Each structure stands twice: as structure tokens, then as C-alpha cells.
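Below, each chain spelled out in residue letters.
Number of protein chains: 2
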Amino acid sequence: MVNDYSFLDNLELDGEISQAQSDRRNHAGDFGTRDEDEVEPNVVVFAKSTTDVSTIVSAANDHDIPVTPYAAGTGLEGNATPIEGGISLDTTRMDSVREIRPDDLQIDVEAGAIGDEVNEALERYGLFFPPLPSSGAISTIGGMIATDASGQRTVKYGEVADWVLALEVVLPDGSVIEAGSKAVKTSSGYNLKELLVGSEGTLGIITCATLKLAGRPEQVKGGRAVFPTLNDATEAISDAVTSGVDVAKIELIDDRTALLANDYADTDLPEQPMVFVEFHANHGIDEEIDFCRTIFETHELERMEIAAGEKMEQLWQVRKDITYAAEEYDPDLDIGPPGDVTVPISQYPEMIAEVRAIAEEYDFFVPCFGHAGDGNLHYFVLADYDDPEEAAHAQEAYATLVERAIKLNGTATGEHGIGVGKRKFMEREHGEAAVDAMRAIKQALDPKETLNPGKIFPPKDDSEDEDSRDESESLEIDTDSG
Amino acid sequence: MVNDYSFLDNLELDGEISQAQSDRRNHAGDFGTRDEDEVEPNVVVFAKSTTDVSTIVSAANDHDIPVTPYAAGTGLEGNATPIEGGISLDTTRMDSVREIRPDDLQIDVEAGAIGDEVNEALERYGLFFPPLPSSGAISTIGGMIATDASGQRTVKYGEVADWVLALEVVLPDGSVIEAGSKAVKTSSGYNLKELLVGSEGTLGIITCATLKLAGRPEQVKGGRAVFPTLNDATEAISDAVTSGVDVAKIELIDDRTALLANDYADTDLPEQPMVFVEFHANHGIDEEIDFCRTIFETHELERMEIAAGEKMEQLWQVRKDITYAAEEYDPDLDIGPPGDVTVPISQYPEMIAEVRAIAEEYDFFVPCFGHAGDGNLHYFVLADYDDPEEAAHAQEAYATLVERAIKLNGTATGEHGIGVGKRKFMEREHGEAAVDAMRAIKQALDPKETLNPGKIFPPKDDSEDEDSRDESESLEIDTDSG
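Heads up: the protein sequence lines correspond to chains A and B, in order. So that you can map any letter, position 472 of the first sequence is 472 in the numbering used here, and since no number is skipped, the others follow by simple counting. So that you can map any letter, position 117 of the second sequence is 117 in the numbering used here, and since no number is skipped, the others follow by simple counting.
Hint data in this document are derived by calculation from the structure and do not stem from the laboratory. If you're wondering where the values come from, they're calculated on a predicted model, not measured in any experiment. There's no promise every hint is true.
Chain copies aren't distinguished; within one or between two, either way the pair holds.
Claimed, not checked - Simulated crosslink set (DSS-like; lysine-lysine; CA at most 30 Å straight-line):
id: 1; residue 1: Lys48; residue 2: Lys460
id: 2; residue 1: Lys460; residue 2: Lys212
id: 3; residue 1: Lys221; residue 2: Lys156
id: 4; residue 1: Lys407; residue 2: Lys212
id: 5; residue 1: Lys212; residue 2: Lys156
id: 6; residue 1: Lys311; residue 2: Lys156
id: 7; residue 1: Lys407; residue 2: Lys48
id: 8; residue 1: Lys48; residue 2: Lys311
id: 9; residue 1: Lys221; residue 2: Lys311
id: 10; residue 1: Lys311; residue 2: Lys448
id: 11; residue 1: Lys212; residue 2: Lys448
id: 12; residue 1: Lys48; residue 2: Lys212
id: 13; residue 1: Lys448; residue 2: Lys156
id: 14; residue 1: Lys448; residue 2: Lys460
id: 15; residue 1: Lys460; residue 2: Lys320
id: 16; residue 1: Lys407; residue 2: Lys460
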């Protein structure tokens, strides 16, 4: 069917409608989409207001045209890219801070605002938005909420979602609701806000968020600790977290990642497992750091360097460079889709052992690292993804690791969402009845499948997804992280 | 229609089916139901297992019989009592601790377990379930989750829901799902767990919960502070919270409540506004208390007494006795339905001023108190609810306060849920489009309205609820707190 977009000509918008090739191209993929998997929208709409979003969605719904919301494009699972053309609804021009209420520790900010911009606006009040993920410098508040993002500080402050009080959302019929409450707690009705969080724009388009804030900590210190074995490092982390060390970040990198990092930055770090930590406090930070050190020492701690300010940033640089280091490690090897499994923390050492075993079994170089305090593990299966046979083999290794995580009571995706890339794991993780319940909700709120069709749910008649239920079959991964 | 319950005879259950008058009577009301509003179920099923719940729900769904889950009966809004007979599904015999995983700070506990029992089971691990509400000694974990409960410690630890990782739930067709994940974070699929929290058994029946736990704090101290005026007290609270004082409880009682308490316990407390505080820490508790005191002093603090252990409990006794004190204050006056509004904390002084103004305007004695750190305010409109005219007048005063809270960006119910009593405020608070979205979800997951019919949503054709949208009309309140 060739869709007719002439209905757009009659709409009055504050923003802009574009069919320019460059705009369509710019909305065809995200950070995780391989070039050959990009799908261009037919039209890009740059919304400027909630009314714009409502107008477009309502008209598109009437005309059976799919609308896929798009923001910074930093997703990794194809969460915000079209699978069948239609309208890409770009929210990045809706980036105003509507109101800051310092006495309530609240900000109302439009969906397209970049994370760091929010913190800049809050600086003069001594406040900040604590759960910002590492991508906060480039990704939008709306995108973070839509994918249920989290990050390094989640171990102390929780996920982005935990700091969202209310959402202004445009539903598939164009109606505008406020879900949640500006009161810090409510038990009134269904938790629509929580349902919309992580729904990846398939149930509604987030146009504005009321976020909770916190005072900036007066003391910040951090650094890194070196352990002899990966097992010591993971057990030290697990012990620290369950002992209640008040740590704001606690990140693991394995010796393979240390190797990559050395190679990238031309440094001579020990090629050993390292744990990166950061502490936030208003008083007593050194006492807390000592508490942490004492626990680390019972796990064969070799060295622990702690600093503040610029020196702390230097100690952390290795952790920050990982993705670049992995990408540049070998010009013949791609990093593939970034793993994002999360397991209960007691299973973290076992999960890492699984990574090692699978890497050996499939004969790939698989550096792993991640937000260990949450049991969240990232990994790259380094392979030549241009070679179809090797790519299939690497994808199988990757998928096998996801299956193992699920078996360890974990999840396929801790913070990147499902998008297209992880659809095949939905039934394995949640069971058919739960996925059917999710489908029923989608059907109830978006009966014409106007919003972001094709995401989250495995295609019912797709043999590829059937295959994914059989571990002996090779798995197709649609996205690649470049 | 006379329903035929003979199909129950063919079901094999681990638990028990009863049509005894005493059992039916015991499941006809909750703490908030006036005797004359009680509705007996036709049958009470005491489930012993998830399979029981599934068997009953599935069969009832097939036979078009409503099922209302019931636990400790401590609800205040008729959340768990039938409105039209049917089956009362009692979960209190499902109270096992299935597993404690101290290394993961997790417990799997069945829905019927009492809050305090969970903490007793955890004691030997040095762990506890932090967000337990004040009713924790008598109410069940399942009931708390189903009504999105919270309480005094929420200001530090968050709501019950914030500590729920996963739920085992029986859906209306009898299928059993696990919603959420035992990993501490996941971004996989729709947040069914969050949707089920607070859905009051209208979308599914919770049979087991995986809860997050925390280490017991090594230091606990608390007590009370006396202020000259209510405004000083509320501003002191607001200032302490926004300044980031790490307080575990911060509760207000007004001078009217102090009067009640004196009368009840025959004490000679100052009849002035008081703020009750409790601090939890692993180190530095006195430093934190000093920080709090310094802030209180800028708001005309008159006296602050802090203690630990038994002495602390004594200081807190007044706060604990409030409901009893209010009930016994005057034999001719009933406390009516307990108010539970919550507003952004900056609006808390304004909300309390509204209570005073409305009390004066309607000429009722209205003591108020509550979880001030969250902006949550409880109040009683003391009146003779047996006198229809006075009852209507008191209900109007009560409802007017709810409307004012909503206008202050607040919510009708911070922690008691909607049930029957607060249905009339749903559209005012959320707007029609949001309530329609909630209705669509109900319809999608429970098309035959098998589970807890008549709750949360205002009856569409009920003129009483129409009236509630007009402030000039008298409002009917269906529940009363006894």
C-alpha cells in the first residue's frame, strides 16, 4: 500500500514537517542499527508542542499511518526507528524547562530536553536529577523514560523511572493525559505512569515529565580498586552491596576490558579485574570509603586509589572509554549488539563465569563490564559481523548468554529496552500468558497499532522468532552497535 | 439473577470453601465499612495455594461469578469487600515464606503473610522490609501491594511498591504469571508489576511477592518537637525535607490532635502542634539529628526531645494513639472516613490552612495529622454520622477537602487506595481520558469483570457520582472508619 500523506498539508503545527532525504535518513536508525537494517520513515515531523504531537498522532491514527517517536537516536535496540516507514515524530525541539519548583524538589521538563541540560538548569538551585545514565550528555529525558533507562548511579539512587512523578502523554487517539501525580505518592487508580515508563512509545508519546530532584551531595570521592581474580572482584562487589555500603557507583571491568583500555589509551594499567567506585555524601564520606575498603580487603584487594575532582575523573577514564576502546581494538572486528543482561547479584559471579565459558566455547573475544552493583552486565562479542557465518555464530553466542541470564532469574535487558533487538526473548523471560497480557494492553490502548508498531512483541507469525525458542538454532540479531 | 455455586463442588482445592454465615459476615466489610453498608459474599473460599486461586478464578470466570480477593480486612475504602455478593477469595492462609535469599537481599513471601511476620522471619539475617506501613502488625503483604500502601517510613524508604521486585499473579482467566523480575532492574516489556500494584485485585490476584530488603540500621533514635504554631511546624518539616535531612519518619499532629491525645491518655502534653521524628543510620546519627534541630530552630522550635529504645517509643505513643483517641473523644461523634490527601510538600501548609478553614466553615471539629514528609495528610471530620443531615454535611466537608487537595496538584488518596469510597474523585483527579485508558485496560484484561467488580471506577450511570462533580451538591461517602 502506498500511503497518502497529503492529510498532513491541512494540519496546523507549531513545528515542521519534512520529507527531505537527509531528515528521513537521520531518523532511519539508532546507535544500535547496522546500516543495512535502517528503515527510513516517509515523513519526519519536528514537533514543537504537545498540541503538535496530539494533532499529528490523532490525524495519523485516523489515516492508519504509523507514528514512531524519535528523540536523540541513542537507543541500542532499534527502539525508536521505524520498521515500516510512516511518520517519525521527532521530539527534540520540545526541550523547554517548563517550571522548576525548588521547594518541592521538582522540575517539569519537556521530553526532548537532554539529560545534562536538566542538570545545568538545576545547578543554581543546588539540585540535580540523580539517576541520569551515562548517556545523559546526549540522550533525552523522554527517551530515557520511554526505555526505562538507568545507569551507573542506579545502585544508590535507583532508576530514572524512580524519579518520575508524573508524565504528560499523548495517547494514540490524540488525547492528552497527565499520568501519575505531582504529590510524591498516590494510590489513586491504575499506575498509568509506570505502565508508560518503558513502553517505548508503543502506548503513548511522552511530551513532558515531572521529575523529582535531590540536593547535590556536598562530598564526592571515587576511584578504582584492583583485584587478583574476577571472582574476587565480583564477590567484593556483592559483599559491599549486601553489607549496605552507601556507594553511588560500583562498576566492574574484567581483565579483557582492561587490556582493551590499555591498548586504546596507551596506558599500562594492570590487566586485571578492576572495580570503579564513587561515593556521595553530605558528611562522613571517608568513614564510608573505609567501610568499603575493609570489605574489599576481605576479598584480596590489591590496590585501591581514591581521589576527588579532576583526579577522580582521571581514575575513572578507563571505564568511560570502554565502548570506544572495544570499537577500535581490531579494525576487522565489530562489537556487535551490546549485551545488557541483569541478574540477582548473588548470580553475578556465575553470570560472568558463563560469559567466560561461552567465549571459550564459541571462540570469541568477549570483554565484559557493567553496573555490577545492580547485577547489570554489559558485554561485546567481538566478531566480523560482515561475514554472515561468523555473524550468525556470534549472534548465537550473544543469545545464549541472554538465555543463561534468564535462567539465573535475570532479565534480557536491564536498561536498553526491547525495541526490535530483544523481542525474541520476551516469551522466554516473561512466559506466554504475561506477554499475552501485555499484548492485550497494547490492543486496548492502541487498537489500530498507530504508535511504534513492531516493537517489543515478537511477531506472532515470524519463524525467526519461533527459532529463538530453540537454543540449538542460530539466532538472528537485527541490531548492531556501531 | 440467583447465581448457582454448585460448580464449586467439583473443584479440588487445598483450601476450604465455606458458606457459613459467620464467614460470609466476616468478609462483608473492612475497617472503613459502616455496618449498614456491608455486603456479604455468597461464598468464602480460603485458598491455600496459587493453584487454588487459579482454580477458583478460572471457574468463576467461566461461570460469570464475581471474585473479590480478601485478606486482613484492614482496608479503609471498601477495597476488598464485595458490592454484589459472589465469591470472597480469602488469601490469609497463604502466608508462607517461600524463600529468603539473604545474599540477594530478597524474600519470596506469599500474599497472606502479615507484615510483621515478614520482619520476624528476617530478624536472624539482620534484614528487614523497610517500607512497612503502621498497619504492618495486622495487614498482609498482598493487601499492601494491592492498595499501593505506604506509611511513616516512606519519607526515607519509599512506598511498599518501591520494594516489590516481582509478583506472582493469577489473571482473570486463571493463568499464573510472574510480573517483574528478580533482577533488581529490568527494561523488558511493559511494567505489568507496576500496573498490578495498586490495582486492588481488579486485574489479577497477587499470590506471592518477591520483596527487596535492607540491612537493619545500627542506630535508631527519635522523639518529638513542639512548635508554637501550625505554620511553624509545617514549614519546619518542609524545610527539613527539602534540605535533605535523612529522616526515617517525620510526622505532624496539630493542636486539636494533641488535645484529643491528652484527653485519651490523660496526659498533659502541650496542646500545640508537634512533629514526631525518627532517624535511622549506621553511623553519624547524632550529626543528622543536630542538622535537623538546626533547621527546626529557624522555625521557632520550642522543645525537642530525642531518645532511643523504650523511651523513644514513649515519646511516640501520642502519635500511635490518634485513631483510638479520636474514636473515644466524644461518644456522640464518629470519626467518619479518614482523609488521606497528599499534596506537593510546598502546598502542605496551604492544605492544612484549608482544613482549618473548612472546619470553621462547616462547623466541625477536624483534627489533622499525617506523614508530613510526603505531603500526606490524614484528617477526621468528627460528626454524628447517624444523623442523615449531619452526615451529609460532614461528607460534604470531607469531599471539599479532597477537591482542594486535587486543586493543589495533589491526590485524593496517598495510601488507602480508591475502593468504593473514593471512586467519585477519579475523573476530577485524573481527567476523563486517563480514566478511560484505565477502563480500557480493565476491559482488556478482565473482559467479564470477574475480579473485584465495582471498584476504582465511578459507575458510569450513577447519578450520585455525577453529583460529586458539582461541589455545590452534597456528596455521599460510602465508607466509615470504625
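>> At most 30 Å between alpha carbons: which applies to Lys311 and Lys156, within, between, both or neither?
In response: Answer is within: at 22 Å inside a copy they meet the 30 Å cutoff, but 33 Å across does not.
> How would you label the pair Lys460, Lys320 (within, between, both, or neither) given a Cα cut-off of 30 Å?
Replying inline: Classified as neither: same-chain Cα gap 39 Å, cross-chain 55 Å, threshold 30 Å.
>> Within, between, both or neither: how does the pair Lys407, Lys212 come out at a Cα-Cα threshold of 30 Å?
In response: between (35 Å within a copy, 20 Å between copies)
> Is it within, between, both or neither when you check Lys212 against Lys156 at 30 Å Cα-Cα?
Replying inline: Both ways: Lys212 and Lys156 sit 15 Å apart in one copy and 14 Å across, limit 30 Å.
> Between Lys221 and Lys311, at a C-alpha cutoff of 30 Å, which is it: within one copy, between copies, both, or neither?
Replying inline: For Lys221 and Lys311, only the intra-copy Cα distance (10 Å) is at most 30 Å; the inter-copy one is 38 Å.
> What label fits Lys48 with Lys311 when the C-alpha limit is 30 Å: within, between, both, or neither?
Replying inline: So Lys48 and Lys311 fail the 30 Å test inside a copy (41 Å) and across (59 Å) alike.
>> Within a copy, between copies, both or neither: which one fits Lys448 and Lys460 at a CA-CA cutoff of 30 Å?
In response: both (17 Å within a copy, 26 Å between copies)
>> At most 30 Å between CA atoms: does that hold for Lys407 and Lys48 within a copy, between copies, both, or neither?
In response: Between copies only: 28 Å across chains, 45 Å inside a chain, cut-off 30 Å.
> Within a copy, between copies, both or neither: where do Lys48 and Lys212 come within 30 Å Cα-Cα?
Replying inline: within (24 Å within a copy, 41 Å between copies)
> For Lys212 vs Lys448, is the C-alpha pair at or below 30 Å within one copy, between two copies, both, or neither?
Replying inline: neither (34 Å within a copy, 39 Å between copies)
> Under a CA distance limit of 30 Å, which applies to Lys448 and Lys156: within one copy, between copies, both, or neither?
Replying inline: Close neither inside one copy (41 Å) nor across copies (43 Å); limit 30 Å.
> Under a CA distance limit of 30 Å, which applies to Lys407 and Lys460: within one copy, between copies, both, or neither?
Replying inline: Only inside one copy: Lys407 and Lys460 sit 23 Å apart there, 46 Å across copies, limit 30 Å.
Of the numbered hints given earlier, the model fails hints 1, 2, 8, 10, 11, 13, 15; all others are met.
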